[in-house]
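**Student:** One letter stands for each residue in the lines below.
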Amino acid sequence: MKFETNLQKLKEAVTLAEHIAGIHITLPVLSCILIEVKKNIAMLRATNLDVGMEILLSVKTHEEGVVAIPAKTLSSFLSQIPDQNHVVQLELISGNIQIISAKTRGVIKTMPIEDFPSIPSIPDAEQFTLSSELFVKGLKSVCYSASISSVKPELSSVYVYKDAGNVTFVATDSFRLAEKKIKINIPSQFNDILIPSKNVSEIIRTLEYIASDVQVASNKNLISFKSGDIYIVSRVIDGVFPDYRQIIPKNFSTEAIVLKQDFLNALKVSNIFSDKFNQVHITVDPKGKVFEIQTKNVDVGENKTLVDAALTGERVEINFNYKYIADSFQSVDSDSVSLQFTGLNRPMVVRPISGEQSFMYLVMPMNR
Amino acid sequence: MNPHSKMWQTALIEIETAVSQANFSTWFKETRILKEEEGVIFLGVPNSFTQEWLYKKFHNSILRILRQMNDGVRALEYVVVKDEEKRGGESKKNGFVAPTLSMPLQDFYINKEDNLNPRYTFDNFVVGPFNELAHAASQTVIKNPGHTYNPLFIYGDTGRGKTHLMQAVGNQIKKLYPDKKLFYMTSERFGSELFIAIQENKVQQFKDRYRKYDVVIMDDIQFFANKEKFQEELFHFFNTFKDSGRQLIFSSDKHPNIITGLEDRLRGRFSAGMVVDIPEPDLESRMVIVRAKCATHNITLPEDVIEHLASSIEDNIREIEGIINVISCQTQLKNKQLSLNEIKNILKNNTKPKKTLSVKEVVKIVSDFYNIDEESINNKTRRKEVVRPRQVVMYILREDFGMSFPSIGEKLGGRDHTTVIHSYEKVKEEIKTDTLLSQEIGQVRSML
Numbered sequence: 007m008k009f010e011t012n013l014q015k016l017k018e019a020v021t022l023a024e025h026i027a028g029i030h031i032t033l034p035v036l037s038c039i040l041i042e043v044k045k046n047i048a049m050l051r052a053t054n055l056d057v058g059m060e061i062l063l064s065v066k067t068h069e070e071g072v073v074a075i076p077a078k079t080l081s082s083f084l085s086q087i088p089d090q091n092h093v094v095q096l097e098l099i100s101g102n103i104q105i106i107s108a109k110t111r112g113v114i115k116t117m118p119i120e121d122f123p124s125i126p127s128i129p130d131a132e133q134f135t136l137s138s139e140l141f142v143k144g145l146k147s148v149c150y151s152a153s154i155s156s157v158k159p160e161l162s163s164v165y166v167y168k169d170a171g172n173v174t175f176v177a178t179d180s181f182r183l184a185e186k187k188i189k190i191n192i193p194s195q196f197n198d199i200l201i202p203s204k205n206v207s208e209i210i211r212t213l214e215y216i217a218s219d220v221q222v223a224s225n226k227n228l229i230s231f232k233s234g235d236i237y238i239v240s241r242v243i244d245g246v247f248p249d250y251r252q253i254i255p256k257n258f259s260t261e262a263i264v265l266k267q268d269f270l271n272a273l274k275v276s277n278i279f280s281d282k283f284n285q286v287h288i289t290v291d292p293k294g295k296v297f298e299i300q301t302k303n304v305d306v307g308e309n310k311t312l313v314d315a316a317l318t319g320e321r322v323e324i325n326f327n328y329k330y331i332a333d334s335f336q337s338v339d340s341d342s343v344s345l346q347f348t349g350l351n352r353p354m355v356v357r358p359i360s361g362e363q364s365f366m367y368l369v370m371p372m373n374r
Numbered sequence: 131m132n133p134h135s136k137m138w139q140t141a142l143i144e145i146e147t148a149v150s151q152a153n154f155s156t157w158f159k160e161t162r163i164l165k166e167e168e169g170v171i172f173l174g175v176p177n178s179f180t181q182e183w184l185y186k187k188f189h190n191s192i193l194r195i196l197r198q199m200n201d202g203v204r205a206l207e208y209v210v211v212k213d214e215e216k217r218g219g220e221s222k223k224n225g226f227v228a229p230t231l232s233m234p235l236q237d238f239y240i241n242k243e244d245n246l247n248p249r250y251t252f253d254n255f256v257v258g259p260f261n262e263l264a265h266a267a268s269q270t271v272i273k274n275p276g277h278t279y280n281p282l283f284i285y286g287d288t289g290r291g292k293t294h295l296m297q298a299v300g301n302q303i304k305k306l307y308p309d310k311k312l313f314y315m316t317s318e319r320f321g322s323e324l325f326i327a328i329q330e331n332k333v334q335q336f337k338d339r340y341r342k343y344d345v346v347i348m349d350d351i352q353f354f355a356n357k358e359k360f361q362e363e364l365f366h367f368f369n370t371f372k373d374s375g376r377q378l379i380f381s382s383d384k385h386p387n388i389i390t391g392l393e394d395r396l397r398g399r400f401s402a403g404m405v406v407d408i409p410e411p412d413l414e415s416r417m418v419i420v421r422a423k424c425a426t427h428n429i430t431l432p433e434d435v436i437e438h439l440a441s442s443i444e445d446n447i448r449e450i451e452g453i454i455n456v457i458s459c460q461t462q463l464k465n466k467q468l469s470l471n472e473i474k475n476i477l478k479n480n481t482k483p484k485k486t487l488s489v490k491e492v493v494k495i496v497s498d499f500y501n502i503d504e505e506s507i508n509n510k511t512r513r514k515e516v517v518r519p520r521q522v523v524m525y526i527l528r529e530d531f532g533m534s535f536p537s538i539g540e541k542l543g544g545r546d547h548t549t550v551i552h553s554y555e556k557v558k559e560e561i562k563t564d565t566l567l568s569q570e571i572g573q574v575r576s577m578l
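Chains as they are written, first to last, in this note's numbering: chain A, 7 to 374; chain B, 131 to 578.
Any given hint might turn out to be false.
Said to hold, decoys possible - Here are a few chain B residues that sit away from chain A, every Cβ distance over 10 angstroms (derived from the structure):
hint, residue
1, THR180
2, THR251
3, THR293
4, ALA355
5, LYS478
What the hints assert, rightly or not - With a straight-line Cα cutoff of 20 angstroms, these simulated SDA-like cross-link-like pairs (lysine to any residue) come out:
hint, chain 1, residue 1, chain 2, residue 2
6, B, LYS212, A, ASN54
7, A, LYS226, B, LEU164
8, B, LYS186, A, SER124
9, B, LYS159, A, ILE31
10, B, LYS337, A, SER194
11, B, LYS305, A, SER194
12, B, LYS304, B, PHE172
13, B, LYS342, A, GLN195
14, B, LYS332, A, ILE31
15, B, LYS464, A, GLY349
16, A, LYS226, B, VAL210
17, A, LYS256, B, ASN479
18, B, LYS212, A, ILE199
19, B, LYS311, A, GLY245
20, B, LYS311, B, ASP344
21, B, LYS159, A, LEU55
22, B, LYS187, A, ASP121
23, B, LYS187, A, LEU55
24, B, LYS556, B, TYR500
25, B, LYS466, A, ASN373
26, B, LYS332, A, PHE196
27, A, LYS226, B, GLU207
28, A, LYS256, B, GLY452
29, B, LYS212, A, GLY245
30, B, LYS159, A, ASN54
31, B, LYS159, A, ASN373
32, B, LYS558, B, TYR500
33, B, LYS187, A, ASN54
34, B, LYS304, A, GLY245
35, B, LYS187, A, THR32
36, A, LYS226, B, LYS342
37, B, LYS212, A, PRO202
It should be emphasised that the hints constitute simulated quantities derived from the structure, not laboratory data. Virtual Cβ for every residue (Gly too), placed ideally from N, Cα, C.
Next comes chain A alone, as it looks inside the complex (with noise of 0.2 angstroms):
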């Protein structure tokens, strides 16, 4: 095998792969990038059983072949290569792959090509087309809340369901919930699916690379995007997220609204002296017109600050996890986020004030 192409696009494309190529303990080839050069097109191919990845890169073919990379080296290696006149050649040479710049030259070692899995497609699926911005956008905004373990594959995914013209984005812990309304035009053949988190963090990865329209495909156990040289097809869980709805309080009995900025800022400081649990008590005392942020640590020191806002109900005292709350306002756009109450041992709902509203945030209190 030998061929010629772009370095900067190959740096890119062996970047995007390298990330899925992973360790496999029970088959090595998978750390490897697949090369497969046939006519004038390279397909580049990487998977860890759980995402799979095809790009498709022009190149001039000298002689077609496969041949299957260590990612971790050749991302490595090329991210290295100085970018003088932007062409770099691979060639295969006795079971070692050599890859040419103008001023650098490497042998990589390569792998065994017959044992690398070959990447599912969805055949018989109805695609449609999305923009990818958006899908990214309505990821991002909950991921962060979806479960770390995985005793509950429900909740370490993001579900994503079709509501009324809107795409909902949902992911919980069950601590904190994420929820996000999106107006993505998508037929109302789209089944509602839960995607791995820890797969949405490549798709959100690639189709902020892509960066246009994609197709989208899915069934029972898959969801594809494709657009023009990039293929990415992740594993969906087959089961039904829990029925939040219920959960989301209809009225409040307090509602705080502050500036995103100055809130988060006092957040930051009592972070200082929280405990080992993120512990902040807030104070919300509409009648004494008092909005405050304690945290104490007996090994540190305590602090208290206040917070400008608007108050309107009940006095309450109410304790958080610090993270728990801060975490939303990488998803809040507007200035002023509201905060409201409902009791002691119900969440509390944060939503952007101005703007637009389709973002909502649970966090569930303390219990001491």
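Start from chain A and add chain B according to the hints.
**Tutor:** For chain B alone, coordinates are given in the frame of chain A:
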């Protein structure tokens, strides 16, 4: 070990020698034979990658090995199965998040494929004298779906457990006959999907979609009243289904013959199978239901409270459920058992408010019911046909509206309160023995 897994174990031993260790542990470790149907072996695989790779690389070898063991094997299909074993118990090691309360997320409330709620089963279905006929009919349907009672038509007022019963039938059929495809829907869903299908000119797809099921359960059929196009579609749907021996189960709040705005041909078809009624649950059944609901919430209530609950909510099991939810919530909050008084308060706040009726209206309803002159209730006459209704009025005013004895006396022609007490006690006693009287009072109450 069943013959399938034995067969697969033997096959795996042979496969292991033929492929590399890496390949074997990656692709074959988590596979198993799900079932065999007319020579086709269905192989369960953990994910689509495995499915694709086995098909591409090992299909012929696996098939050959299986054929050596069993000549009857014609083909091999791969099915991606959910990995149930990996769901271990709750991990307790997430110490750093532990102090945050977790959300009361309710698990997996409906299955996407058949739309059934797995929580509705016969295990938590209370059978009492009031619903034993409906229960027996459903059991017959389960034994022989599509043949004995087709369609099964269950009717009864809201909150009597129709949906629970129907879904339990669905879940049970699913359990007993995993091959049968079934689907649960509300008639409203059928209607709106049909509506969309008509708009998008896709009626044929709509029909095909539902016709692939072996059992269709349709809830709240009364919403089809006066909707001719829906009824027509349902009629055709019905015929296709029944002719091919597939089971249909319907529910409604009324007997098909008295649903107004229903075409006669549908009416006849509904009645052709088995029509069963779920009437109002009797007191004993209601007490059993209260106990069962308490058990699911892990709360125990004293007998007098249970009896009070069961006697205060008469016709609606869903309401009982709602009240138990409130009680369970408050018990947790206060961290102690609630007293009878507290529970009475909850009842007052949570049951549907009684209509406020004036004494005059009560008198009018009772006298209409007994077909006597309204005035005679207030008169001093002691004619037998008037005395009974008058006592009933007093009893109802006292029992249902909690009026004081003197004011009842005053409103009903200025009688002494002892007269009222006497009448009240008398009716109260007689209800226990006289079923006619208690039925009469029941009917009057339903008219209030």
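**Student:** Against this structure, judge whether each hint is valid.
**Tutor:** Structure-based check of each hint:
{"no.": "1", "hint": "THR180", "in the structure": "violated, 8 angstroms"}
{"no.": "2", "hint": "THR251", "in the structure": "holds, 17 angstroms"}
{"no.": "3", "hint": "THR293", "in the structure": "holds, 16 angstroms"}
{"no.": "4", "hint": "ALA355", "in the structure": "holds, 27 angstroms"}
{"no.": "5", "hint": "LYS478", "in the structure": "holds, 22 angstroms"}
{"no.": "6", "hint": "B:LYS212 with A:ASN54", "in the structure": "holds, 18 angstroms"}
{"no.": "7", "hint": "A:LYS226 with B:LEU164", "in the structure": "holds, 18 angstroms"}
{"no.": "8", "hint": "B:LYS186 with A:SER124", "in the structure": "holds, 8 angstroms"}
{"no.": "9", "hint": "B:LYS159 with A:ILE31", "in the structure": "holds, 13 angstroms"}
{"no.": "10", "hint": "B:LYS337 with A:SER194", "in the structure": "holds, 17 angstroms"}
{"no.": "11", "hint": "B:LYS305 with A:SER194", "in the structure": "violated, 31 angstroms"}
{"no.": "12", "hint": "B:LYS304 with B:PHE172", "in the structure": "holds, 19 angstroms"}
{"no.": "13", "hint": "B:LYS342 with A:GLN195", "in the structure": "holds, 17 angstroms"}
{"no.": "14", "hint": "B:LYS332 with A:ILE31", "in the structure": "violated, 50 angstroms"}
{"no.": "15", "hint": "B:LYS464 with A:GLY349", "in the structure": "holds, 14 angstroms"}
{"no.": "16", "hint": "A:LYS226 with B:VAL210", "in the structure": "holds, 9 angstroms"}
{"no.": "17", "hint": "A:LYS256 with B:ASN479", "in the structure": "holds, 19 angstroms"}
{"no.": "18", "hint": "B:LYS212 with A:ILE199", "in the structure": "holds, 15 angstroms"}
{"no.": "19", "hint": "B:LYS311 with A:GLY245", "in the structure": "holds, 18 angstroms"}
{"no.": "20", "hint": "B:LYS311 with B:ASP344", "in the structure": "holds, 5 angstroms"}
{"no.": "21", "hint": "B:LYS159 with A:LEU55", "in the structure": "holds, 14 angstroms"}
{"no.": "22", "hint": "B:LYS187 with A:ASP121", "in the structure": "holds, 9 angstroms"}
{"no.": "23", "hint": "B:LYS187 with A:LEU55", "in the structure": "holds, 16 angstroms"}
{"no.": "24", "hint": "B:LYS556 with B:TYR500", "in the structure": "holds, 19 angstroms"}
{"no.": "25", "hint": "B:LYS466 with A:ASN373", "in the structure": "holds, 19 angstroms"}
{"no.": "26", "hint": "B:LYS332 with A:PHE196", "in the structure": "holds, 16 angstroms"}
{"no.": "27", "hint": "A:LYS226 with B:GLU207", "in the structure": "holds, 17 angstroms"}
{"no.": "28", "hint": "A:LYS256 with B:GLY452", "in the structure": "holds, 17 angstroms"}
{"no.": "29", "hint": "B:LYS212 with A:GLY245", "in the structure": "holds, 8 angstroms"}
{"no.": "30", "hint": "B:LYS159 with A:ASN54", "in the structure": "holds, 17 angstroms"}
{"no.": "31", "hint": "B:LYS159 with A:ASN373", "in the structure": "violated, 43 angstroms"}
{"no.": "32", "hint": "B:LYS558 with B:TYR500", "in the structure": "holds, 19 angstroms"}
{"no.": "33", "hint": "B:LYS187 with A:ASN54", "in the structure": "holds, 18 angstroms"}
{"no.": "34", "hint": "B:LYS304 with A:GLY245", "in the structure": "holds, 17 angstroms"}
{"no.": "35", "hint": "B:LYS187 with A:THR32", "in the structure": "holds, 17 angstroms"}
{"no.": "36", "hint": "A:LYS226 with B:LYS342", "in the structure": "holds, 18 angstroms"}
{"no.": "37", "hint": "B:LYS212 with A:PRO202", "in the structure": "holds, 14 angstroms"}
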